[in-house]
Structures are given as C-alpha cells and as structure tokens.
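Quick mapping for you: the protein sequence lines, in order, are chains A and B. Every letter in the first sequence is one number past the one before it in my numbering, and letter 475, counting from 1, is 475. Every letter in the second sequence is one number past the one before it in my numbering, and letter 51, counting from 1, is 51.
Rather than coming from a laboratory, the hints here were simulated on the basis of the structure. Note that CB positions come from ideal geometry on N, CA and C, so glycine has one too. Incorrect hints may appear among the rest.
[To be verified] Ranges of calculated distance between the beta carbons of each label pair, as one might list FRET restraints:
| hint | chain 1 | residue 1 | chain 2 | residue 2 | range |
| --- | --- | --- | --- | --- | --- |
| 1 | A | R190 | B | E240 | 28 to 38 angstroms |
| 2 | A | R190 | B | G270 | 23 to 33 angstroms |
| 3 | B | P98 | A | V726 | 30 to 40 angstroms |
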Amino acid sequence: MRLSLKWLNELVDLRDVDVKTLMHRLTMSGSKVETLEKLDEEISSVAVGRILSVEKHPDADKLSICRVDVGSEELQIVTAATNVFPGALVPVALDGARLAGGVKIKSGKLRGALSQGMFCSFAELGLTRHECPYGAEDGILILPKGEPGEDVTKLLGMDDSAIEFEITPNRPDCCSILGLAREAAATFDRPLNAAEPVAPAGEGDVSEFLSDVSIEAPDLCKRYMARTVTDVRIEPSPEWLRMRLWAQGIRAINNIVDITNYVMLEYGQPMHAFDHACLSGSRICVRRAADGETMNTLDGKPRELNSSMLVIADADKPVAVAGVMGGENSEITDSTRTVVFESACFDGASIRLTSKALGMRTDSSSLFEKYLPPENCAAALDRACELVEQLGAGKVVGGKIDVYPDPRPVRTIKPDYGRINVLLGTGIPDREMDGYFARVGLEKQADGSLAIPYWRDDVACTADLAEEVARFYGYDNIPTTTFAGDAKPVVRTPEQQLREALSDAAAGFGFDEILTFTFFSPKTYDKILMPADSPLRKSLSILNPLGGDESVMRTTALPSLLNAVASNQKVKVKAARLFEIAKVFSPALTPDGAVDAAAIPTESYRFMLAEYGEKADFYSLKGVLDAIFTAQFGAAGEYAALRDDPAFHPGRTAVVSVNGVTLGVVGEISGAVSEQFGFQSRVYAADLDVGAMLRLERGTAVYRPISKYPALYRDIAVICRESVTVGALSACIRRAGGKLCREVDLFDVYRGIPIAPGEKSVAFSIVFADDNGTVTDEQADERFAAIVRALGEECGARLR
Amino acid sequence: MKEKLDEILGRAIRELDQADQPQRLEELRVAYTGKKGELTSILRGMGSLSPEERPVIGARANEVRAKIEAKLAEAAARMKKKEEERRLAGETIDVTVPGTPCRIGSRHPLTLVRREIEDIFTSMGFSVAEGPEVEFGYYNFDALNTPANHPARDVQDTFYFSDNMLLRTQTSSVQARFMENHKPPLRMICPGAVYRSDDVDATHSPFFHQIEGLIVDRNIGLSDLKGALTQFSQMFFGPETRVRFRPHHFPFTEPSAEMDVSCFACGGAGCRLCKGEGWIEILGAGVVHPNVLRMAGIDPEIYSGYAFGIGQERLALLKYKIDDMRLLFENDTRFLHQFY
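Chain B on its own, in the form it takes in the complex (with noise of 0.2 angstroms):
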C-alpha cells in the first residue's frame, strides 16, 4: 500500500503540475482527495490492514494527503496569477494619453502679484486698507502737501469730475484718509487701482495699480524704511538682492528716496533688462512728511514715520519678463493661461 501511496503522490504532483486551467484543477481535486478521490478509498481499505501496518501507513496517507493539498493550492495560486496576469495584459491602457481635461483658473498676474507683496507686508505686521478711487482733490493733493498750483494737479494728468473730485493718481491718497481714522502707531499697505491721464503704450495706461504702505510711530527713521523695504526686495525678488537707495523727491515725504534693486536678470554686471545700468527701479518712498502728519492731526514733534508706493504693474512686467503693459488689460486667456 505504500507503493501505492508513494505513486499516488507522484502522479498526482506530475499531473497538478502541468495543469493550467480552473476546471483541470477542480477535476484533479476531486480525482485525490475528493470523497470517491484515490486517496480516501486507500483511507477507506485500511481496515485490511494489519494493527502493526495501520499508524505507519495511516501516517503516511495523511502525509500524501497534505503534499497533494499543499500541491493544489500552490497550483490553483499559480493559475489565479497567471489568469490576473492575462486579464490585466488585456485592460492595458495608454498612459500617455491626456488625463480628461479640467483645469484651475489662472489668476490675473496683477493678482499674483499684489498678493505677494501683501503676504510680505502683512507678515510684518502692516494691515490691509482701502480707500475710494473717485476721491476728493483734497486726499489726493492737499492731505500730502501737493500745493494747489502743483503741475501735477493740471488736467493733463489728472481725471476730474469736478474741481474737487478726480480718480486719484495714486494710492497715497489712502494715508491721508486712514490717519484720520487711525492713531499710531500704525502699519498699513494699500492696495488698489490708480488713474492718469496717460494714453495706452506699451509702458503707459490709464488705468494701473500701486501698493501704498505706511507706517507712523514714535522714533521712526529713514533706516527703518531702509531696513522693511530691503527686507520686501528680499523676499520679492530674492535672497541675493542688493538694494540701493538714491535721494529723490515726493511732496508728501522729506528725506525721499527711490529704491533700485540689483538687477536681477545679471546680478548686477549690467544687462538689457537694466540697460546696462546693473540696477532696476523699483519705488518710491520717504520719511513722511511732517506737514502730511500735520493735516492728519499728528502731532509731527512726537510721531514720525514713513510711506512708500509700489507701482504693481512695474512688477509684474519685471518679475514675468512682460513687454507689453497692455497685455494685462487684454485679457487674452492665452496670456493669462501663462501664469500660475
């Protein structure tokens, strides 16, 4: 009986072996081990044998029983990968086919940029305020010490409405009007849309934007202007940003200055992009004017401060190598697609 087993077991391992369909298997698994299998009618002539044989052989069944169970398992898992192996060789797909189209709008570059500028500025503690953009000549003359006969107050640049309502021409107009709703200290920027009586070109509209900031405390000084805006050229254009600071001229602030940054096309050597110069224009600002306080009620003894007002197109037009200003009030979605 031993024999018989022995060849049980070999024919059964050879034939599992070289099965390769489900059905195969099932019909080999009932031909062993099923209950009219090979081996139970072995099992079942037992009786036959004598005491002494019983356990060896008994022992020995049930040990070809197990190999032939652990056969058909190791059989029928080697079919079920080989049937998922064919099934996924079937579904394979083209993955370099485009995914179904959906998209996430593009914000306006002029967005992207004011919000940059805004996390850096509100990140040093400056609050967001906004003012009206159809303004009194007062706000945007008077309040920052532009005296009546300014040339910048003639209608060939200016927007009016009347003799005193005009779109302002820029967002200092907003410093005014927030010192008299605030006492310092105080921090802001303001954001917002500004007019000028300029035709449309490549580097003129009409119609643009700033970012004012200001900031009035006691002991304010020239070097903490010096020390905030180096810090926004930093992180606006860069760690390796040089700043330069060159004494100009506002109404509305005394000492001014406009700040260049190293040019960031060239590092500085001196480039097309700043025209040789190795530096690029960026803003204005200055110690604020103590007539500007003055107006706005503080006391220019106690209080100093400063202001400065960052043009949003100029940096957008740097920062995305945009030629052309007008591309930014076309809104051509090719143009706007392009930024991110």
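Excised from the complex, chain A in its bound form (with noise of 0.2 angstroms):
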C-alpha cells in the first residue's frame, strides 16, 4: 500500500517527525515499509516565470527568444515553443535544472543568442495530460496560477514523498489512507485528525431513479448501498485532487471517476459509478451470473461469465463483474447525467476467484479478496456524496439505497490482562494495556469489556490482544528470556543417525553429497529404460505442475542421480563421486492397484552413489559400498549378479545384501541409458535402500582375543572356467579351509597365454591359524590339500 506523505499528514500531524524516524517506528509497529519514492525527486531548480516580451530569433525562423521575469532576475530564454505569449506563466528550468528522465538544463546559446534556461512542457515534468488537463500536448505548460520565482514543484504540488508498505493479509484495513494514518496515529499516540463524512441530504429520492435493488446471491454479498447524482457535470478534477491520485500512483480521468478512487484509496472501500441512463428498467440486482452469459469490461475485452461468479445486473444484462470491474456498457462518459454510486460489500473469496477465472486483478478485486468489513460500505458512500457536493460535480439525490440482510452486532472482547502479560513475558500493568487498546480504537465499555471497531476484524482473541499490547509497548522493549523448562535428552532416531553416518562415510571416500528434486517429468522413466509395466511408474502426479510437465513424485532417485552426473560431464569435469540421500514416494495404491491420491505416500530414503573417471570402475565402487557396509554392520556386501535391469550392464551389475538383506543395486549405466544422458565415459552407480539397512541387526561388537599364535600363509593359484566366479572359488575355499581358515584373499586374476581361451587363473592368499595352539605345516598341507580337492570337485579349478 502506498501512502503519500502529504495526505498522511493531514490525517495525523507528523510534520515534526523526520521520515527516517517515521518510517521506523511505523515498521516496528507492524506497517512494515519497503520503500520510500520522493516524487519530485528528478526536478530541481525549476520556477515560475512571467513571459515579458517574444521577439523573433534574428537567425532562425523557428525560434523565439523570450524575456522571463523569475522574480529574483529577468532572464532570456530562447524558445521553439508556439504557445508563448507576453505575459503567460510558465515554468522556467534554470541554469543548473534537472528534469525528469535526468536531463541537465544548462545556459547556452542557441543560434547565436543567449539562452538562460529553458521553458518546461507537463512531460518535462514528469507529469502527464491526467495531472495537467489544462496544458497543451506539443507546448509549453502554461501555468493558471503563480509568482515569478516561485518553486513549480510546490505551485503544482508535487513535493510530496511516498511511502510504500507491506501490508499483511490480516490487515485489510491499512489498505487504506485513514487504515494508515489510524495505526500513524496509535504509533506515535497524536490524535487522527479524520472526521466523519457528512453527506448532504439530497433533494427528492433515490426510489425514483432504483425503484428495485435486490441481493439474490447474499451468501456472496453481505451488503449492496448505493446512491445517485443527477446534473452531473463531467470534468476534470480540482488540481489538489488530481495530484493526490498523481501521488497515488493513480491516473485522475474526470470527477466523478476519480472521486470513486479517492474513496476507495482513503477508505479502503471499492466503489464503482454506472451512468443511470444505461441501467435499464431502473433496477439492480446482485446475482449469479448465468453460465455463458457475456459482457464487454471497462477495458473493452469480452468476458465469458459462469454460475460462480457475481454480477451487477440491471433489469435484462450484466452491467458489471462484481468487485472486479464494470461494464463498457454502462461506464461514465463526458456525456453522463446521472450517476449511480454503488458502495457495496462482496464475499472475498468470491471476488478472488472470479477476478482469477477472468484473468483480471483489479484494485478493487485485490481489496474485496481480503475480505472488508460491511460497515465501511456506508462510510464511504457518504464520503463519496460528500465530495460531489465538494467538487460541484452534481446533485446528490436525497435517501439512499442500503440492501443489508444481517446487520452484524459491535463485537467485544473481555481483555485477561494476565494471559496477555504471560503470552508476551511481561509485566505490562493493566491501565498501561488500556492505553494501548485506546489507542487502536478499542473502546473499554463499562463492563471491562472491549468494543472491537469494524475494522479490526482480525481481533478476535487474547493473543490478538496481546499483539496490539506488544505492537505499542514495542517488541524491542519485550524482556528477552530462557525458558528453562524440564530437560529431556536429545536423541536422534536410528534412520537420522544411520543417514549422517552414510553422509560422511560417503563423503570420506570422496563423495560429493548433491541435492536433486524429487519431482520430474513422467518422461524421465523411459530415460532410465524402465519397463512400460513397472510398478515403480505408478506414481503421483502434481494436478497443477508447473509451465513443463515435471509432475511426478519420483519413485526411483536413479534419474536424478544420472542427471547430475550428466550435468557435471557436460561442462567437462573429468571424475567425480557423487552421493546422495535420497527421497522417493510409494504412493498408496487404490484396490484395483491404481495410484490413490488421497492417501498420504511411502516415503523412504535411498542411498544413492555415482562416479565416473579414469579410476572409476565397478570395483572401486564396490570396495566403497563393502567398506561402508563393514563400518556400519560389520559385515561386507554380497553380490550376485543381475543381468535384467535395463537401467545397468547386463555383466557389470549385482544386487547387493548384507547379512542376507537385500540393499539393492550396484553396477555400471548400461550403453542405451548412457547414451540418453549423454555420458561421455562410463558411470558406475549404487541405489541402496535406507530403511533395509534399518533392518539390519547392527548389534554390538563383541572382542575377540586377538590370537597369540603366529599364522600360516599359503598362496594357491588355479585355472579354471570363465564361467566359476571368484566368489564361488572363495566360498569354495573357506569352506574346505574349515576352523583353520581365518582369510581368504584375491590377489590375482590372470587371463592369456599361457592360460587357454575360455580359462582364467585366478589366485588367493590364505591365512590359517588357531587360537589355541602354533598351526603346524602338516595342519596346514593337510586343509591346502583339502581345499586342492574341493576346488577340483565343486569347481572344476586345477592347481596352477
């Protein structure tokens, strides 16, 4: 909400207060400011002049040169301008001047004769036609009133500052000037110098211009006032008017329009004048649009109208949406005689969607959203009537139409003094609390009570009390305290607590931890190859995504994790290891297994890791994830390998568990997925699931003596099969090794000559010992000779 200075000050007297200090104290009593504009801040050094004489240029057809009394000297200025005449008052840009759009106005000569300054247009200004009806489009403004010398700025009124303000939704009443200056008023504890409109009577009545208003939708409109003007005499507004709008931000058009903007800026309250002589069947009727109905709004644009939304209709048409904007049809013109003033009260929410489902935010469908008191309805249509009678803009009929079904009682409030002292940690004495409630236009009555103003609908409870005791008694000069209250321990659950120790265990191996949205487009499945059929594709969809069609929760974080992986490739970083923890949602599903949106989702973490780089294989990562596991669980992963996700190589892939768990999938990005991100090398990812790892026993680790006995090491090397996996050989070994064989360790694998195509050796460092005794060569000879024989029988692996 914006506020000119000038009008705030003659509502409350400020003048003493410099706006810095203002400002503050306004911000730190709730009407929080966002910026200050000073309107006449491009302007300077500009005066009023009287034109002395008009010569023409001795050397230039085009041009006059002037003599200019600016009351402390006489100046010549050289002009183009036609519309100068001896004796005409005009603004004179001195030496040194500045104008709006920042031009610099400089003594010179102009073809050969000296030029003291320059005479402004309304442009130069940085007004328009609306603020100086009375000046020429293509000329010098040629001012009605003024001294020489005298500051144009001040002669026009444009030395005035405005201050713009966050408004929040509780308060529509500080969308307004008096809304404002009321809570300038209680801030600074001055009194408000507003007084109540009177409206004149009027002659004759308003039943023989509206002989039938009627509210058929009063679930959408609370109240429906309205009054009218005969001989009505379109114009433009007085100057003082006009450039109170101007400072408003607001376009002045004619009287009668502006007078309905300046009621809506001072009270908060929309008003909308119809031209009588366009209502038919002199009728009004608050209602329901029909579905279908159509109409041409004030900005000319057709408007397609529904059942849901409310309209302003004369006896056969709509004459305007209501609360958002009227229509073409029944708009003011130079021509109107007779006006009709609607100040009326429209549901918020009502006003709001219609004024969305048209595309058309207004000033007044902004106001009405926010919901405005039906009392202020009636204030302002006599403030409205007030200022025709003011501006000589028409004669006010006498009576006035007031629709209003369910009038609303004065609410009170029962302050609990001590409630509000405990809510806010002070000490505030009752009497002190009182001022404060005074000062905001609550009213204590004789029973201790307060009376709530009609504009405070947001006070409705103790708290609400309490905010208007803090707002004045100042936040700042609330005590700051530490509560001290019981104590419990902080404890972290195990799922927060497994997440930070795979965070940092990730992050210790060289892990970027990265941060990926968990909704995409449904399209990213098919990136990952994922079947038409898998049930990881049902999930939920946004109903209102944004502009692209990113509307699905993900049910799977592999995507994400390979579009980081695909954004660090494209700007050419070489390796990198990324991870992260990751949500994806499991939607509930219907009977008939479809996605139930109403039902809250699964949502669970996985642990998502990637690299890729010269010294990235499946290997590394593999030796990363057993790693972790180890630390974690104590135990390493087992992998059996998984050739069916078409997400991963078919070779390169395995599903991994620990302590029979299953985690979930490690392996390298198969070619066609690679080749849909765009990988120039390959990537190697891990998608382990969080809450599995949960279900693992961790237990405690339980101190084995360390064995006082040396150990035995014995290196075995086989050929056998491509086919036999390393795994199988190690579980063959342990297996045959029995007690005595404490590790088994790959430290080779061998392919080509001499070995045969089809045939690898492969090699294993074994350990044997015994905890309680020295183990002797023939024990060892004896389980190596055992372990020869079963790697022979169970798979097919001869000695080396």
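Two chains, two separate frames, one set of hints: put the complex together.
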C-alpha cells in the first residue's frame, strides 16, 4: 500500500517527525515500510516565470527570444514553442536545473542568442495530461497561477513523498489511507484528524431512479448500498484531487471516476459509478451470472461468465462483474448526466476466484479479496457524496439504497490482562494496556470488555490483544528470556543417525553430496529404460505442475543421480564421485492397483552413489560399499550378478545384500541409458535402500582375543573356466579350509598365454590360524590339500 | 718402549683422522689393535721388561689402546654420519610436488547449514522431528489456523495431488502432527523440504528447505522466543550479532514477528547486502496461536508456546554469499567443492 506523506500529515500531524524515524517506528509497530519515493526527486530548479516579451530570433525562423521575469532576475530564454505569449506564466528550468528522465539544463547559445534556461512542458516535469488537463500536448505548460520565482514543484503540489508498505493479509484496513493514518496516530500517540463524512441530504429520493434493488446471492454479497447524483457535469477534478491521485500512482480521469478512486484510497472501500441512463428498468440485481452469459468489461474485453461469478445486473443484462470491473455498457462518459454510486460488500473468496478465472486483478478485486467489513460501505458512500457536493460535480439525490439483510452486532472481547503478560513474558500494568487498546480504537465498555471497531475483524482473542499490546509497548522492549523447562535428552532416531553416518562415510571416500528435486517429468522413467509395466511407474501426479511436465513424485532417484552426473560431464568435469540421501515416494494404491491420490504415500530414503572417471570401475564402487557396510554393519556385502535391469550393464551389475538383507543394486550404467543422458564415459552407480539397512541387526561389537599364536600363509593359484566366479572359488576355499582357514584374499586374476582361452588363473592368499596353538605345517598342508580337492570337485579348478 | 707406544699413538690418531672410507678404518683397526696388530705385538714383548718397568709400560700400553679404540669409534661415527649425509643427499625429493590425490567429499551447503542449525537447537534441548512432504491439506493449512479461503491455499501457490492432499508448503505442517503424538512440555525442530508453485530463478525454487521450531509448555511467551532466537542468531552469525523483532502476521502464530539480524557484512552501517538498511530479514516466528493448540488437543488456557520457521536456502545464500539459488540444485562439483 502506497501512502502520500502529504495526505498522511493532513490526517495525523507528523510534520515534526523526520521521515526516517517515521518509517522506522511504523515498521516496528507492524506496518512494514518497503520503500520511500520522493516524488519530485528528479526535478530541481524549476521556477515560475512570467514572459515579458516574445521576439523572433533574427537568425532562426522557428525560434523566439523571450524575456522572462523569474522573480529574482530577468532572463533571456530562446524557445521553439509557439504557445508562449507575453504575460504567460510558465515553468522555467533555470541554469543547472534537472528535469524528468535525468535531463540537465545549462545556459547556452542557440543560433547565437543567449538562452539562460528552458521553458518546460508537463512531460518535462514528469507529469501527464491526467495531472495537467489544461496543458498543451506539445507546447509549454501555461500555468494557471503562480508568482514569478515560485518553485514549480511546490506550486503544482509535486513536493510529496510516497511510502510503500507491506500489508499483511490480516490487516485489510491498512490498505487505505485512513487505516495507515490510524496506525500512525496510534504509533505516535497523536490525534487522528479524520472527520466523519457528512453527506448532503439531497433533494428528491433515490427510489425515483432505482425502484428495485435486490441481492439474490446473499452468500456472496453482504451489503449493497447506492446513491444517485443528477445534473452531473463531467469535468477534470480540481488540482488537489488530481495530484493526490498522482501521488498515489493513480491517473486522474474525470471528477466522478476520480471520486470513486479517491474514496477507495481513503477508505479502502472499492466503489463503482454507473451511468444511470444505461441501466434498464431502474433496477439493480446482485446475482450469480448465468453460465455462458457475456459482457464487455471497461477495458473493452469480452468476458464469458459463469454461475460461480457474481454480477451486478439491471433489468436485462449484467453491468458489472461485481467487485472486479464495471461493464463497458454502463461506463461514465462525458455525456453522463445521472450517476449511480455503488458501495457494496462482496465475499472475498468469490471475488478472488472470479478475478482469477477472468484473469483480471484490479485494485478493487484485490481489496475485496481481503474480506472487507460491510460497515465500511456506508462511510465510503457518504464520503463520495460529500465530495460530489464539494467539487460541484452534480446534485446528490436524497435517500440511499441500503440492502443489508444481516447487520453485524458490535463484537466485544474481555481482556485477560494476566494471560497477555504470560504470552508476552512481560509485567505490563492493566492501565498501560488499556492505553494501548484505546490507541487502536478498542474502546473499554462499562463491563470492562473492549468494543472492537468494525475495521478490526482480525482482533478475536486474547492472543490478538497481546499482539496489540506488544506492538505499542514495543517488540524491542519485550524482555529477552531463556526458558528453563524440563530438559529431556535429545536423541536422534536410528534412521537420522544412519543417514548422517552414511553421508559422512560417503564423503570420507571423496563423494560429493548432491541435492536433487524430488519430482520430475514422467518421461524421466523412459530415460532409464524403465519397463512400461514396472510398478515404479505408478507415481503420484501433481495436478497443477509448473509450466513443464515435471509432475510426478519420483519413485526412484536413479535418474536424478544420473542427471547430476550428466551435468558434470557436460561442463567437462573429468571425474566425479557423487552421493545423495534421496527421498522417493511410493504411492498408496487403490484396491484395483491405481495410484491413490488421496492417501499419504510412503516416503523413504535411498542411498545413491555414482562415480566416473579414469580410476572408476565396478570394483572401486563395490570397495567403497563394502568399506561402508563393514563400518556400519560389521559385514561386507554379498553380490549376486543381476542381468536384467535395463538401466544397468547386464554383465557388470549386482544385487547387493548384507547379512541376507537385500539393499539394492550396484553396477555400470548400460550403454543405452548412458546414451540417453549423454555420458562421455562409463558411469557406475549404486541405488540402496536406507530403510532396508535399518532392518539389519547392528548389534554391538564383542571383543575376540587376538590369537597369540603365529598364523601360516599359503598362496594358491588355480585355473578354472571363465564362468566360475571368484565368489564361488573363495566360498569353496573357506568351506574346505574349515576352522583353521581365517582369511581368503584374492590377489590375482590372469587371462592369456599360457592360460587357454575361456579359462583364467585365479590366485588367493590363505591365512591359517588357531587360537589355541601354533598351526603346524602338517595341519596347513592337510587343509591345503582338502582345498585343492574341493576346488577340483566343486569348481572344476586345477592347480596352476 | 714408551717412546714406541707414543709414536704408535701419534701415528694412529693421524691416520684415523685422515681415514675417509669404512674399509680403511677396518685396515687401521686390524693394523693397530687386531690380534696381529702393532699394539698387540708390543704387549706380547712385555716379557722382556724389568719387573719395575712392566706395570708402567703395561699401564701406558692400555692407555694408548683405549685412546686408539676411542679414536676408532669416533672415526666410525664420523664416517657413518658422512655416509648417512651422502645417502640422504641422494634421496632429496621435491616437497612441493602435490601429495597423492585423495579428498574428502564436500557436504552440500544446505546440509552444512542444516547441521549447524540442528546442533544449535539440539544443544538447547530441541529434538529433531520429521514429517511427510506429501501431506494432507489439514496438517498444512487447517490445523495451522489457515482458513479454507486463504490465498495461500490457491493452486497458484500450492502443488496439489487431490482436493485434500498436497506437497507441504511449510515445515509448520509437522507442528500439528507432532502435537498430536506428543504432549507438552515439548520442544522440537523439524528440518525438511517444502514446495511452492514458484518458477526457478535466482531467488525462487519450487523445491526448497525450511527448519521449523516449536516449543510448548506452561508460561511460554514472546520473551522466551526472543531469548532463544537471539541465542541462535549469535551462535550462527557470530557473538556480535544484534537482532530485531518486528510485528508481522502468520495465521498460526499470534503475536507474530519477523526477525532481522544486524547485517554481518557491514555490522549495521548499511551496505549492498542489507540494501542499506543495516538489517537482514532472517525468519518468521511467533507465539503459537491458541487455535493451533486447541486443534491439536492442547488447552491454550494452560499451555502456550512459540514457533519459528527458518529458510535453509536463505541462510545458506547469506552465509556463503551465494548470489543465485539455482546453484544449490545444479550439483556442479565445481560449486560443491567450495564448501567444507
């Protein structure tokens, strides 16, 4: 909300308060100042000049040389303007003056003749025809008044500033000059000089013009008031009114329209003016539009209406979209002679939805959206009629229409002073609080309760009163205390602990933490070649996604991870390790298997890792996983080849489990998917279920004495078929090695000469140890032989 | 014989001082003190001496032997040291060559900020709660005293799945859930992702993060809120930080406040970061609205509380002087590597 300082000072005298203090104190009492704009900031050194003489320039046909009295001196100014004449009062930009748009004026010679300044048009002063209806469009602004030497900005009333406030939605009353003035008066504890408007009684009766006014949709219109004005003379408003609108950023149009705008600014009550001649049947009906009904609004656009929208209609057609915009068919024109002023109270939600549906948000609709009090209609209507009389814009007709089926009683609230002090942590005496209440118009009644002014619908309970007290007592003055209550131990949930531990471990291995959006386009599933019938394709869909089609809550974080990889490869990052603890959403399903958009989905976390680069391969990632598993769960992972996940390489992918609990997948991203993401190099990724990890029994480590007896080491190299896995060989060695076999470590896999094609040589280092004594060579030899036998029988492997 | 001994000693010392090879040292040892060495042969010839001379010459001979042995040890040590010096000189490396590459991964700036905030509030006795991101309208709005026709509920601002289910627009939704399951006294913070229907730009994202805080007990008031958040601000932004609370409005708190901290770039003098105001808006907070307590089954006549909501992105952007929010979600390692 914008507030002209001049206007404010008229309502609350704050001329002795400097603007900075004013803005600070209003901010601290709840009216947050956003910006301050000095309206005549661009203009300086423009004075009123009286033209003494106009002579032709001897050397230029189109220029004239004028002598001008600017009060302190007489200047010579050369001008190309043709509308200047001796005796005319004009704005003179003196030497060194600044004009709109940053223009600087300097003394100089024009075709050899000295020009000590420049005459100004209204545009050069930053004004328009709306503020200066008397001004020539392409000539010098001939001033209607003024004394030579007078400051033109002051003379025209441009010497004003406007403060822009952020108004919170609970305070629609502050979307008005009067409301902000009330706040300023309360903040500075000064009187508010706002007189109740006194509307002329008028002659005749409004019923002669409006015989039938009714509200057919009382749920959407709480009150409808109207008065009529005859003998209207449409003309420009007086300068004070035009400049007041200008300061508020509204263009002056004509006296009647300006009055409605002025009252809207002053009271926060949107008004509308109809040309009575255009209302058929002297009838007004506030009703829902018929589906498909159309009308042209004031902006000339045709609008198709429906039955959710409220209209003001005459006997046979809508003449306004209620509270949003008037109709072209009843617009005030220069020939309007009888005006109907409407001041009504419409339902906020209805106005909001209508203005949205029609795509037109107006000053009026944005006010109504905030739920205005019906009582405000009366004051605003009176004020409009008062202005009509004051401006001589017409004759106010006696009587008023007031359809108000359900008038509200005055609400009261009993202040609980003790509770207020608890809520604030203060010890403010009751009488001091009463003082703050009085400042905001909460009047104490005989029974001790407070009457709530109609414009403060936001005040409804003790907490609201506490806020009023706090605002004027000062948030700064509320003490700063530290609350000492029962201290309970703060314990993180096992899942929170695990997530942090996994993150720390991944980071420890050089993986950078990424953060990805949890929703994406349904087409994203295609990018990882997810089968059409995959249950993971069943995802919750956002009904109103942003511009694109990023509309599904992901059921897998793999594409998000791969996108992050792709964006790094795109900027030529040669190698990267990335991880995320990523949330996925598994929707609830209806009995027939469809996504249930009305039931909360299961949200779970995935531990996502990816790497690429010269040193990355399947085993580097697997090594990291095993290190993390061992640190977290006391056991490395078990890996079983997975060949049928289309996102992954069929020969380089495994299902990972730990202690028999399946955790997820690790592997190389398949060529087809790599192509989808535009990968330049092979990418390895793991997608693990954090929830499954939580199911793993972590237990507590139990100390095992370290064997006092030396261990024996034996190496074994066998040749076997390519299809025999290292996992199978080492499992076989462990089994055959028995109790004494403590460790089986792979140290070499070799293919090529002299090993036959289709075969490979695999070498392990085996550790034999016994907690109860030294392992003898004989014992080791015996076990070794058993191992060789078992490898031969079970794996078809022979000693190399 | 005494003369002979003195001559041997003088010669041995000379030769040992000149020796510069371990091999030469060994030769000298054998030559002087070895079994067939000069000294040994002298001692062997002692028999020919008179009984008077024998102890004198014997003592002298032992003295000379000790001196030569000491000299031998000294020369050996000298030589070992030289040898070591030679070896080390040959092994000199360029210490400015970079170490074997290995690095600890970066934590995302939002994680760093979240952890710091969590640490501060858990140290004050707040437990860390979580709640669903896909949420019922009831918890996101109704239970937070946000009426059915409130503009915040518009499809323009909120992502919906159905009439009653949406993506939470604020972590405040966890307040209501938490209070259903926990009775006062309670203290919790809730970090998490929230969603609003905003297009991505330098200062907006449809996906961002907040941390909600809630405390409910007897006799909690605005002063306690000021106390806790002042402490938080001084721990997060530094001990010199001043805070300012301004009246504001949220449907679920009353009285409500916005908190500013003194600009940590200029200390409050006014600069580009604080747009000349000296203050930076950090968070929204307030005394829990009695309707919110009532809806959660807590008697607002007995209990009161305060709540606050912190934007993680906002703090991360301010803390690390990041000028574009999009960077947080682009996952460019050249960006991520800057955080520690």
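Legend entry - Verdict for A:R190, B:G270 (Cβ pair) under range 23 to 33 angstroms: 29 angstroms Cβ-Cβ, so the 23 to 33 angstroms window holds.
Legend entry - Verdict for A:R190, B:E240 (Cβ pair) under range 28 to 38 angstroms: holds, 36 angstroms
Inset, instruction - Confirm or reject the claim that B:P98 and A:V726 have a C-beta distance inside 30 to 40 angstroms. - result: For A:V726 against B:P98, whose Cβ atoms are near 35 angstroms apart, the range 30 to 40 angstroms holds.
Going through the hint list in order, the structure satisfies each hint without exception.
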